[in-house]
Amino acid sequence: MNQKILMHMADGLISVHIGIIFTIVSIIMMGLSIKKMTVSKDESKIPMMAVMGAFVFAGQMINFTIPGTGSSGHIGGGILLCLVLGQYPAFLALCSVLIIQCLFFGDGGLLALGCNIFNMGVIPCFFAYPFIVKPILKRTVNIKKLAMASILGVVVGLELGAFGVVLETTASGISKLPFINFVALMLPIHLAIGLIEGMITAFISIYVYKDNPSIIQTSLTNQTYQGLNLKRQLFTLGVVALLIGGGLSLYASSKPDGLEWSIFNVTGQENIENNDDTKDQVASLQEKTSILPDYHFKNDDGMLGTSFSGIIGAGLTFILVGAIGFAASKKRHEKNH
Amino acid sequence: MPQVKKDMKKITKALLEVNHIECLSKKNSIIHQLHPLFKIITALIFIVCILSASYTHIVELCIYLFLIFIIMKIGQLPIHTILSRTLVGLPFSLCIGLSNLFLMKETVSFYGLTLTTGILSFISIMLKTTLTLSIVFILIASTGFDAIACELVHIKVPAIFVLQLLMTYRYIFLLVEEACQMSRAYMLRNPKKKGIEMKDMGSFLGSLLVRSFHRSQEVYQCMMTRGFRIDAVYVNFQHFDIENYFLLLMVIGFFMIIKVVCI
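Heads up: the sequence lines are chains G and H, in that order.
For the first sequence, the residue numbers in my numbering are 944 to 1280.
For the second sequence, the residue numbers in my numbering are 2 to 264.
It cannot be assumed that every hint is accurate.
Said to hold, decoys possible - Below, simulated DSS-like cross-link-like pairs (lysine-lysine); rule was C-alpha separation at most 27 Å, straight line:
| # | chain 1 | residue 1 | chain 2 | residue 2 |
| --- | --- | --- | --- | --- |
| 1 | G | 979 | H | 157 |
| 2 | G | 1087 | H | 200 |
| 3 | G | 1088 | G | 1077 |
Stated by the list, open to error - Some chain H residues close to chain G (C-beta under 10 Å, calculated; not the full set):
| # | residue |
| --- | --- |
| 4 | 56 |
| 5 | 91 |
| 6 | 98 |
| 7 | 134 |
| 8 | 210 |
| 9 | 247 |
To be verified - Non-contacting residues of chain G with respect to chain H, defined by C-beta distances greater than 10 Å in every case (computed):
| # | residue |
| --- | --- |
| 10 | 1074 |
| 11 | 1094 |
| 12 | 1130 |
Honestly, the hints are just simulated from the structure, not real lab data.
Built from N, CA and C at the ideal position, the CB exists for glycine as well.
Take the sequences, apply the hints, and build the full model.
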């Protein structure tokens, strides 16, 4: 199993809450990057971002053999794009890659796109690159430093991304795999993948540096994107963290047992007898685990009839008003033409 | 079979599939004629409805599956192709589903059958993944990538991003072809090797990257000679007529009824 399978979250594994929270976060980061691009007015970056995004695609399709294992791997792309383009254009290029992967190749889902952009775009471009890669290469760029920065950047980015996958899946309440076990399963796999991908990124960046050092130097020293200083960057990340944390805690409080329920209390439950009370027990279990608790209508408090008929009535009204309006506007449209 | 040959086969298949989806979007069914933005919003509503179904609501998910079959039938989309494509996203879901199968051991009565909640959860995860992926494929196969990307401008996504997205899509074909040529050349020079070795990967992908970089500069120069200006970028999108709002209202009403009836 490779990173492509393990890192792309599918819609089926996330709850609506988590999907929406991470979509908002990703949109904020995209907005910030687009703003940076617009302010800099660096038009030459547009075709560069597009071609480099396509390069990540092409690069990912070529597998290489890992000596002594018989297995194969491919490049990741996040840190490599940052090294060539700088963090903001690289992030936008990665977003495009993820959108195309989602639409054409079934890698991840439409609602999970926010999670995937966060795990594979925000983390490498806004955490790993500015806090690991850039400080290493700050004073001088040489082959040794480039190799170290690439490997460390990819490993940290991938590990944080994998942790993000675990956190998002667990917080969604879909997987009953205990949080600790899930982490213990995902992080070592991604450490191995990260080391190999990091080495490949290092080989490529060294090649590029030897062939045309200006490509990497320009992106590292590009003053156009220096407007966002460390303080402001930390502030943005703080807001993002607050949003995620706030969203998660809101979600947790909407479930009576909170996140702890999905983290710790998932193994070793006793069997429930299949008696007359089963329905009630299932109902309470459902309430605990339901993805959208507010959509849930209890059928044991006499409210059922009223709620059902009310919502069905509203639904039928929507359909009726919609149908009449659609027919009328279509007719008027035809008349006008 | 050597790794490179396998890669070539995989790459050719992937490009053919993308091309196939583009061809499907050229059809002229009722679904194809709907406004792209309407389809995007409906797809999102559909996905939210699917994901908000609890794992005990297998019947609700089956209704959605039935709905998807109907949409595919009306849209003249090949059911087999779309369902087989959803298999790509299943492995990780399968792992999570299987772990739930073993971890959730409460027994419940499900329409007279005594099942564990793990089985229900497993079925629900697999169904949800298949359904949501099918919706994405139906959306792209009935709308086309260009139309979807242009609609992003409609919802106020800056043109700079949409332009970049459209260009990435166009360049994928060119660069993948270039990567294929390079792998073929590598294998012709190294007939005894099973695949591209890791030690050669740096120069292999590095030279592809440098080539891509130069190509992007050429593209930019071409754009400039044609008078490209970022503030004058205009991406075409269709006007969202009032009838689409009424259609959306009908869709919301329809899903509300399904939700309530199934609970």
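Hints, verified against the model:
no. : hint             : in the structure
1   : G/979 to H/157   : holds, 17 Å
2   : G/1087 to H/200  : holds, 17 Å
3   : G/1088 to G/1077 : holds, 10 Å
4   : 56               : holds, 7 Å
5   : 91               : holds, 8 Å
6   : 98               : holds, 9 Å
7   : 134              : holds, 5 Å
8   : 210              : holds, 6 Å
9   : 247              : holds, 4 Å
10  : 1074             : holds, 24 Å
11  : 1094             : holds, 13 Å
12  : 1130             : holds, 15 Å
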